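Novice: Read off the chains here:
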Amino acid sequence: MNGQVIAGQLLVGLINGSFYAMMSLGLAVIFGLLNIANIAQGAFYMMGAFFSWMLLRWGGIGYFPALVLVPLGVGLIGMAIERLLLVHVYKLDHMYGLLLTFGILMFTQGLFVWLFATAGRPYPVPPALSGGFDLGFMFLPKYRAWIILTSMTFCLATWFVIEKTPVGRTLRAATEKPMLTRAFGVNVPALMTFGFGVGVALAGAAGLLAAPIYSVSPIMGGDLIIVVFAIVVIGGMGSILGSIVTSLSLGLLEGLARVVYPQSANMVVFIIMIAVLLIRPAGLFGRER
Amino acid sequence: MYFKQISTAVLVSALLAGVAHAEIANNRIRIGVLSDLSGIYEQNSGNGSVEAVKMAVEEFGGKINGATVEVLAGDHQNKPDVGASVANRWFDVEGVDMVTDLVNSAVAFAVVDVAKAKNKTVMLTSAGSADLTGKACAPDNSVHWIYDTYQMGKSMGLAVPQLGKKWFFITADYAFGIALEGALMNSIKPMGATVVGSVRAPLGTADFSSFVLQAQASGADVVAINNGGDDAINAVKAAREFGLQAKGIKVVALGLDSLPAIKSASLDVAQGGMYVTTWLPDMSPEAQAFTKKFIERRKTAPSTFQVGTYSAALNWLKAVQATNSKDPKVVLAWMQKQHFKDAFTNGGTLRPDGRMVHDVYLVQVKTPAESKSEWDMLKVIATIPGDQAFRPMADGGCPALKK
Chain E
10 MNGQVIAGQL
20 LVGLINGSFY
30 AMMSLGLAVI
40 FGLLNIANIA
50 QGAFYMMGAF
60 FSWMLLRWGG
70 IGYFPALVLV
80 PLGVGLIGMA
90 IERLLLVHVY
100 KLDHMYGLLL
110 TFGILMFTQG
120 LFVWLFATAG
130 RPYPVPPALS
140 GGFDLGFMFL
150 PKYRAWIILT
160 SMTFCLATWF
170 VIEKTPVGRT
180 LRAATEKPML
190 TRAFGVNVPA
200 LMTFGFGVGV
210 ALAGAAGLLA
220 APIYSVSPIM
230 GGDLIIVVFA
240 IVVIGGMGSI
250 LGSIVTSLSL
260 GLLEGLARVV
270 YPQSANMVVF
280 IIMIAVLLIR
290 PAGLFGRER
Chain Z
46 MYFKQISTAV
56 LVSALLAGVA
66 HAEIANNRIR
76 IGVLSDLSGI
86 YEQNSGNGSV
96 EAVKMAVEEF
106 GGKINGATVE
116 VLAGDHQNKP
126 DVGASVANRW
136 FDVEGVDMVT
146 DLVNSAVAFA
156 VVDVAKAKNK
166 TVMLTSAGSA
176 DLTGKACAPD
186 NSVHWIYDTY
196 QMGKSMGLAV
206 PQLGKKWFFI
216 TADYAFGIAL
226 EGALMNSIKP
236 MGATVVGSVR
246 APLGTADFSS
256 FVLQAQASGA
266 DVVAINNGGD
276 DAINAVKAAR
286 EFGLQAKGIK
296 VVALGLDSLP
306 AIKSASLDVA
316 QGGMYVTTWL
326 PDMSPEAQAF
336 TKKFIERRKT
346 APSTFQVGTY
356 SAALNWLKAV
366 QATNSKDPKV
376 VLAWMQKQHF
386 KDAFTNGGTL
396 RPDGRMVHDV
406 YLVQVKTPAE
416 SKSEWDMLKV
426 IATIPGDQAF
436 RPMADGGCPA
446 LKK
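Protein chains in written order, with our numbering: chain E, 10 to 298; chain Z, 46 to 448.
Possibly wrong hints are sitting among the right ones.
[To be verified] So the derived label-pair ranges between C-beta atoms look like this:
1. I70(E) with K292(Z): 31 to 37 Å
2. A162(Z) with F116(E): 34 to 40 Å
3. A291(Z) with L107(E): 45 to 51 Å
4. A291(Z) with A166(E): 32 to 38 Å
5. E139(Z) with L81(E): 46 to 52 Å
6. A414(Z) with G145(E): 29 to 35 Å
7. R66(E) with G237(Z): 44 to 50 Å
8. V425(Z) with Q272(E): 35 to 41 Å
9. I288(E) with L446(Z): 56 to 62 Å
None of these hints come from the bench; they were simulated from the model. Being a predicted model, the structure only gives us computed values, none of them experimental. Beta carbons: idealized from backbone N, C-alpha and C, even for Gly.
This is chain Z alone, in the form it adopts within the complex (with noise of 0.2 Å):
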């Protein structure tokens, strides 16, 4: 008797120990950090994401579990067939258990499959397309965590009132700009507005002035502009040079949310111009701390998109810790149980369709003389909480829910 009691805990302890090394496979955990390393949505994204993600990982002190935490990125080139050979090869090859950043909705949608075959985690967080969470779904293996085109429309259809009723739009023609304008219609139309005209704008384009002419000519009150990164500053460059604001036309440029950006345009240009933001730089003391040692890395303020980054990445290594699991499943299942506090969210929570939801800000560019530091350049107009801005689950259509 006593003997067996001896061999049956030898037996359980040797099985859990076992079980423990085997959780996490090869003693390591990687995190690949796939976006845009070399075009336009580098600024908002790119080697800032990264440094971000490292930012997280240090707060673990590199190890988790005994498991070591590395870092690797990858170049996607905004090519949805580039980005799906990394995220092949980094599963496959080179052992990645989550990958994260996915700047560029169609790339986003690319990899979110792979990472559904190969039974991995994705962290979406500088993919704007609300699909993700709709019909392109992917709630055990993808989670989408800073924005979304529906919830960046239906946020600006709520400021319809303080805008105006005639709205023109310029569309960067590709998945992000063309779901941000139907969300955007769809979210102004019910508020009485009217879309008098619109115009799809080539990705990279270098000069809007022609676009931003017929915006004119159209005679409306508001001109959206709906694409990002360096479009974004180009086409709200342009707008100022040909005189919108000047002629009482405002100007909302979607894709502008970024401190960087802005920054890079000068307040001088964008002074005025309105968006959508789920981050402001002072909204917290943790926003505060994480900006200032962002600033001391890398010598800018991050963008919204790179602050989500770092949120996503933390919170999936804590859920990692928690769990002691790299299982996509047991990962997500624990995430849906918190309520995140973090430098980008107070209270953020994550729905079973893989949509983090979180309060959302409705922001206007500063005047040069408003402006009392170099990073102080947003004013909030109002305060949207998370669950009027996100659009509702069962409206997302998400397949994977209805079984």
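If we strip away everything but chain E, and leave its shape as in the complex, we get (with noise of 0.2 Å):
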């Protein structure tokens, strides 16, 4: 084993990384908002993928204008899921907003396997971003720093607006006290309601991300989501800058064991999992309500 080797995981670990933040932050934020586990969201991952390969295979329409048309459709679409299914379940159990979400999951991969086949369909990295930079101990793709740099200003800039912001001010006040917070005026099932579409939002920009990297396929959501999930878990879950913090460090830590013992690359995340709800059942970074 020699330095190189583990550099190299290292940057591939904090690739992963930055999907694991991407895909996490949504679920942190409708989880701290609407108080739903949305096992969905891998489902909205996989559509971000095929709707920028349905622009550029039908209208032509690239990368970059896909990095705003994207979460914009997936958003909408998550807001339209939302008013129709989900707003019957928030005042149920927990147990039956995970089961619902989890159907839609399975229905609209379901609907994607009849629609495309389970075939990858490939789509093209970007010539702006092609190529790369040999750093010496590895050849760094341009495309993969940019997933980097993407995912973390998404990543910010969601934070700055939940925490430091007079409408994540709202959004965070309609959740701790919906009552109070409606009778001072402001409409909380709209708030919801877009909550929910800038955490789905952040699963379609995932998606567009992803595309170039890996085959765009009806099922490349439902893996992703387990992992994503028991990050959420281990970092906390609602905790936003917990979820940002620990798919950094749970990326790295695959890109560790990768060098160490490869088959274990899979495990780890879930044997911390187990670790930190055991001694930590509110997660890394959650409160305890």
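With the hints as a guide, bring both chains together as one complex.
Specialist: Next up, the structure:
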């Protein structure tokens, strides 16, 4: 084992961590605001990748416009689903929201398999981002560097909006004391819909970022969501900063695991999840409710 | 006397009529295509294999010796227990006579066991483990039609002089990948090659970048990717992205063996990749005609597995027609006497251990500039005769043949 290998794997870990961060951030936002563990996040991620592919294939619209259009489109669909379906389970136990969103994931995945079959579809790396840098210890494709940059931008922006702006303040107020916030003349249900839209838009954006690296396929979201869920549990459900920090550190840890014992890389997240649940059930950054 | 003669004649003809009816039970022949209809192997096998079998059935007009031929499709979800339970139901309840495709060796082993117990036929096409005609053989019930891991490894071994001496393996962490890695190792070592490192990647790995980085750091000349389906595409993509080919490292992706897979990776990504295939779309007029017909129906060229599954079903149906029987022993005995000539093979033969032996080809993916049409993607580097590529029957150690 040498330093080169470790440095390379850590960088790959950081890239994976950036993906996890965008996905888990969306989950944390939705859980924090709506109290729903949104398993369907995997479906919105897959939709994001497919919308990008459709825009390019059918509309000739490239990567950079898609960076705006895809999160917007996915967010709108998410808001429609929230209005039509999720709205009915807010008052019930967590389990109902979980089951409903699980159903939405299964349904959407099935729908896309039916429409597009499971074969992966290629999405080219945009020309401006192809090629790479030779770092000496490894060859870093430009596109991977771009992923780190973009996902960090998305994450910080989301964190900033929710924690530091008046809109975010209102959103948080609506979560903590919905009745009281209503009394101040705020349209709480509309805010919740908006919050859900933002959360799934993040997943859609992650799907777009993933499209050039992985094949675009209907089953791409199902596996990812399990890991991302574990990360959110470790970070503390609903903690925004927690989910970002946990995502990056677990990405790095997975990278290290790949050097030491590759077969363990898939398990390491879950082992940590079990340990965290035993020692700190609310998660590393979570507060006991 | 006269009366006796007539009654004997009546009796004999009645018996004969009875026999003719009894031979093809229920006047119905059922083929079950058991495949991955929703997972990573769907593209290479899956619904395309189902269609290919239907195309074989249509060549007989849907009827054989008066019996209707029906095709059933089942999804084994890459789980041996699911595969075995579908096979059990098909054989016991739905009267299926032959099961084919069986992509994923782990599932194939389970289903062959079921077929052996119930005395039905299995035409293995998309499954790859060479043990299926080796220590796990079932020569009275199963035939291995397209390829196996020994043959893939052996053929690559013959290419060591062209590729390089230092090899790194990225291997799928289950029966097929491990068997392929073993076969490859056994065949490249006698040619003077060494293995400088290997990693096992879980089935369904989406991101191969960390494995590709390890391969690069090992200083290998050749990176062999021992997996299949979408995994193979993702691995080749990562290799290209991290600049392996640009640094002069040869990338061998054995599981890329499929035109749709290369298409979905795009020539840009897959160009220069080498692999061993058992079928070429322009190898014969029959192959060209089949490819054209398949594209009309499925809007994509067939994969090697799908053409092979067509061929296996076609020849099994021919055997049923000729012997007027569905009994595995009778049907397979007839097939062992044939030289198969169709869209998949020019003169393949079936050995007593169940191995169908035919020529294989070492190919390289064309560059976008070399490709003249949508499905023109491969150039042949070498043709390897079947008897050199496949494991000799004596070395397979099939226990059932020793008796």
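Novice: Now tell me if each hint is right for this structure.
Specialist: Checked hints:
no.: 1; hint: I70(E) with K292(Z): 31 to 37 Å; result: holds, 34 Å
no.: 2; hint: A162(Z) with F116(E): 34 to 40 Å; result: holds, 38 Å
no.: 3; hint: A291(Z) with L107(E): 45 to 51 Å; result: holds, 46 Å
no.: 4; hint: A291(Z) with A166(E): 32 to 38 Å; result: holds, 35 Å
no.: 5; hint: E139(Z) with L81(E): 46 to 52 Å; result: holds, 49 Å
no.: 6; hint: A414(Z) with G145(E): 29 to 35 Å; result: holds, 32 Å
no.: 7; hint: R66(E) with G237(Z): 44 to 50 Å; result: holds, 47 Å
no.: 8; hint: V425(Z) with Q272(E): 35 to 41 Å; result: holds, 37 Å
no.: 9; hint: I288(E) with L446(Z): 56 to 62 Å; result: holds, 59 Å
When each numbered hint is compared with the structure, no violation occurs for any of them.
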